[in-house]
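Visitor: Sequence:
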Amino acid sequence: MAAALKHVDPKRVALVFTVLVSDLLFTGLIFGWAPLLLMLQEEQQYAELCDDTVPCVEQENRLNLIFAAASVAANIGALPFGVFLDYCGPKVAILLAAAMEISGLVLMALADSQSFDVFVPAYVLLAFGGSLTMMSSFPSSFLIMEHQTAILAAISCLFDGSSVVFLVLYSLRSTFGFARRELFLGLSFLSIFLFLGLSFLSIFVFLALLVLWHLNENALSEDDEREGENTPLLPVMDHIESGEYKTLVAMELRKSEEDLKLVDQPLRKQVFTFQYSYVLVFAVVQVLRANMYIGTTNKLLENYGDKQHDFLFTKIFSLVLPLGFLFVPGIDYAVEHTGLPASLLITNCLGVAYNLLALIPSLVVQCAAFFLFTGFRAFLYAVSSAFAAKTFGLSNLGTLVGLIFSVSSVVSLLEYPAVFVSNAYFNGDLTFVNSIGLVLCALLFPYTAWYRRKEAARSMRLGALTRTSESEAIPLSVGAAPYLRSPCRKSPARLSVAPASGDSAI
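Numbering (the numbering used here), first residue to last: 1 to 506.
Note that these hints are calculated values from the structure, not bench results. Here the structure is a predicted model, which means the values were calculated and not measured. Be careful, since some hints might not be right.
[To be verified] The calculated lysine-lysine pairs, modelled on DSBU-like cross-linking and capped at a C-alpha distance of 35 Å, are:
| hint | residue 1 | residue 2 |
| --- | --- | --- |
| 1 | K269 | K91 |
| 2 | K454 | K269 |
| 3 | K91 | K11 |
| 4 | K299 | K315 |
[Claimed, not checked] Here are the computed distance ranges between Cβ atoms for each label pair:
| hint | residue 1 | residue 2 | range |
| --- | --- | --- | --- |
| 5 | F274 | V411 | 15 to 23 Å |
| 6 | V57 | F274 | 45 to 53 Å |
| 7 | E60 | I294 | 16 to 24 Å |
| 8 | V57 | H214 | 24 to 32 Å |
| 9 | Y416 | A457 | 34 to 42 Å |
| 10 | R453 | S171 | 45 to 53 Å |
| 11 | E43 | K307 | 42 to 50 Å |
| 12 | R181 | F311 | 55 to 63 Å |
| 13 | L319 | G428 | 22 to 30 Å |
| 14 | E48 | A342 | 54 to 62 Å |
Yeah, the Cβ is synthetic: ideal placement off N, Cα and C, and Gly gets one too.
Throw the hints in and build the complete structure from the sequences for me.
Guide: Next comes the structure, spelled out in C-alpha cells:
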C-alpha cells in the first residue's frame with residue numbers, strides 16, 4: 001500500500017489521514033457512554049433528585065436521558081445530514097460538524113446539574129457533530145481510488161473505535177486526578193502537553209480538515225483547467241453531439257445504456273433501483289440483528305454465569321468490540337478481489353457464525369462469538385458503504401447512505417419488543433430471540449443469490465451493448481461502467497481520444 005501511495009498527491013493522503021483521525025476522535029464519541037456515566041456519578045450529578053440514598057432511580061433516569069436523547073439524535077440526523085452533504089459539499093459540512101462538536105465539548109466541560117444543566121443539549125450536539133463528521137468522511141474515499149474500500153472500511157471501524165475516547169479520559173481522571181473541565185477544555189498544562197485536551201484537539205483537527213478539503217477542491221479545479229473542460233467527480237456520460245446519433249439503432253443503444261446506468265444518476269432513479277432496494281433490505285435486517293446482539297449481550301452472559309466471574313466476559317466484550325479495524329485488510333481484499341456479491345456472502349456467513357455460537361451456553365465459546373461479531377459488524381458497515389459508493393457514485397452518496405442508516409435505526413426499535421417477549425414469556429432466556437436472528441440471516445442467502453444473478457445479467461447486457469456499439473462504430477458512454485475513478489483523474493472517455501503520448505498517462 002505504501003508503494004502505491006508514492007504516486008498519490010500528498011495533499012490527498014494528508015486529507016484522508018486527517019479524516020481518519022477525526023473519525024477516531026469524534027464520530028462514535030457518544031457511544032462511549034459507560035465511562036462517562038461513571039464520571040458523572042462520581043461527581044454526584046443529579047444527586048439532588050434523590051431523597052436519601054444515592055444513587056437512586058430518579059438520578060439514573062435523568063442520566064440515562066442524556067444518552068437516550070443523543071442516540072436518537074444521531075440516528076435521526078443521518079438522512080438530513082446526508083442530504084446537506086450532497087447539496088453543500090464536504091467542506092461546508094465539516095464546518096458545521098466542527099461548530100456542533102466543539103460547542104458540545106465546551107458545554108460538556110461547563111455543565112453542572114445544579115448550576116448549568118446543559119448535559120442533554122451538549123450530548124446531542126456531540127451526536128449531531130459525530131454523525132455529520134462521519135458523513136463528510138465518505139467523499140474522501142474517492143481521492144485515492146486504489147484504496148477506496150480500505151478507506152471506507154477504516155471510516156466504519158473507527159466509528160466503533162471512537163467509543164474508547166471517554167474511557168481514555170476516565171483513565172486519565174482516575175490516574176492523574178484531572179477534573180472533567182480540564183479533560184474537556186484542556187486547561188491543565190499536563191493535559192495540553194500530553195493529550196492536547198479534547199476541545200483544543202478538536203479545533204486543530206477540524207481546522208486541518210477545512211484546509212485540506214479546500215486544497216483538494218483547488219486541486220480538482222486545477223485538473224479541470226489542465227484538461228480544458230470541467231471534469232465530473234465520477235465517470236458520467238460526456239456531452240455527445242446529437243449529430244453522432246443519426247440512426248434509430250444508435251438512439252436505441254443510447255436509451256438502453258441510460259436504462260442500465262446507475263452511477264451519478266438522479267436520486268429518484270437510484271432509490272427505486274433493484275440494487276438500492278437490495279442493499280437497503282440487507283442493511284436493515286443486519287443492523288437490527290447487530291443492535292439486538294449488542295443490546296442483549298449483557299443479559300446473555302449473565303444467563304451463562306458471567307456474574308460468578310465478576311462480569312469478566314462482559315468486560316472482554318467491551319474491549320473486543322472496537323477492534324473492527326483488524327478486519328480492514330480482509331474487507332479491502334474481499335471487495336476489490338472477490339467483488340461485492342462475494343463480500344456480502346462473507347458478511348452473511350460471519351453473521352450466521354456468531355449467531356450459532358451465541359446459542360451455545362458456554363462463556364469461553366462466547367469469546368469466539370465476540371470476535372466473529374466484531375468482524376461481522378466491520379464487514380456490514382464497510383461493505384454497505386462500499387456498495388453505495390461503487391454502485392451509485394458520489395453525487396447522491398450522502399443521501400443514499402443516510403437513508404440506509406435512518407431506516408435501519410427505525411427498524412432497530414424492534415429490539416425492545418423482542419427483549420420484552422423474551423422476558424415475559426421465556427423468563428429472560430434469549431434462545432428465542434437469537435433463533436429469530438439466525439433465521440433472518442439465513443433468509444438473506446437466497447436474497448443475495450438473487451441480487452447476484454440480476455447484477456450478472458445487467459453486466460452481460462452492458463457488455464452486449466458495448467460490443468454492438470463497436471461493431472456499428474457508435475461511441476457509447478463509458479459512464480455505464482460501475483467502476484469509480486479518482487476525482488482528479490481523467491475519465492476513460494477523454495483518455496480514449498487523448499494523443500498517444502506521455503500526456504495521456506494518468
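Visitor: Decide, hint by hint, whether the structure agrees.
Guide: Each hint, compared with the structure:
For the proposed pair K269 and K91, the alpha carbon gap of about 27 Å is at most 35 Å, so the pair holds. The hinted pair formed by K454 and K269 meets the criterion: a straight-line CA distance of about 17 Å does not exceed 35 Å. Taking the CA atoms of K91 and K11, the gap is near 15 Å; set against the 35 Å cutoff, the hint holds. For the hint linking K299 to K315, the alpha-carbon distance of about 13 Å falls within 35 Å, and the restraint holds.
In this structure the supplied range 15 to 23 Å holds for F274 paired with V411, their Cβ-Cβ distance being about 20 Å. Taken as a hint, the range 45 to 53 Å holds for the pair V57 and F274, whose Cβ atoms sit roughly 50 Å apart. Separated by about 20 Å at the C-beta atoms, E60 and I294 satisfy the suggested range of 16 to 24 Å. With their beta carbons about 51 Å apart, V57 and H214 fall outside the hinted range of 24 to 32 Å.
Roughly 41 Å separates the CB atoms of Y416 and A457, a value that falls within the hinted 34 to 42 Å. A beta carbon spacing of about 52 Å between R453 and S171 agrees with the range 45 to 53 Å that was offered as a hint. A beta carbon spacing of about 28 Å between E43 and K307 contradicts the range 42 to 50 Å that was offered as a hint. For the pair R181 and F311, the beta carbons lie near 31 Å from each other, so the given range of 55 to 63 Å is not met.
At roughly 25 Å, the beta carbons of L319 and G428 sit within the given window of 22 to 30 Å. Checked against the given bound of 54 to 62 Å, the beta carbons of E48 and A342, roughly 57 Å apart, stay inside it.
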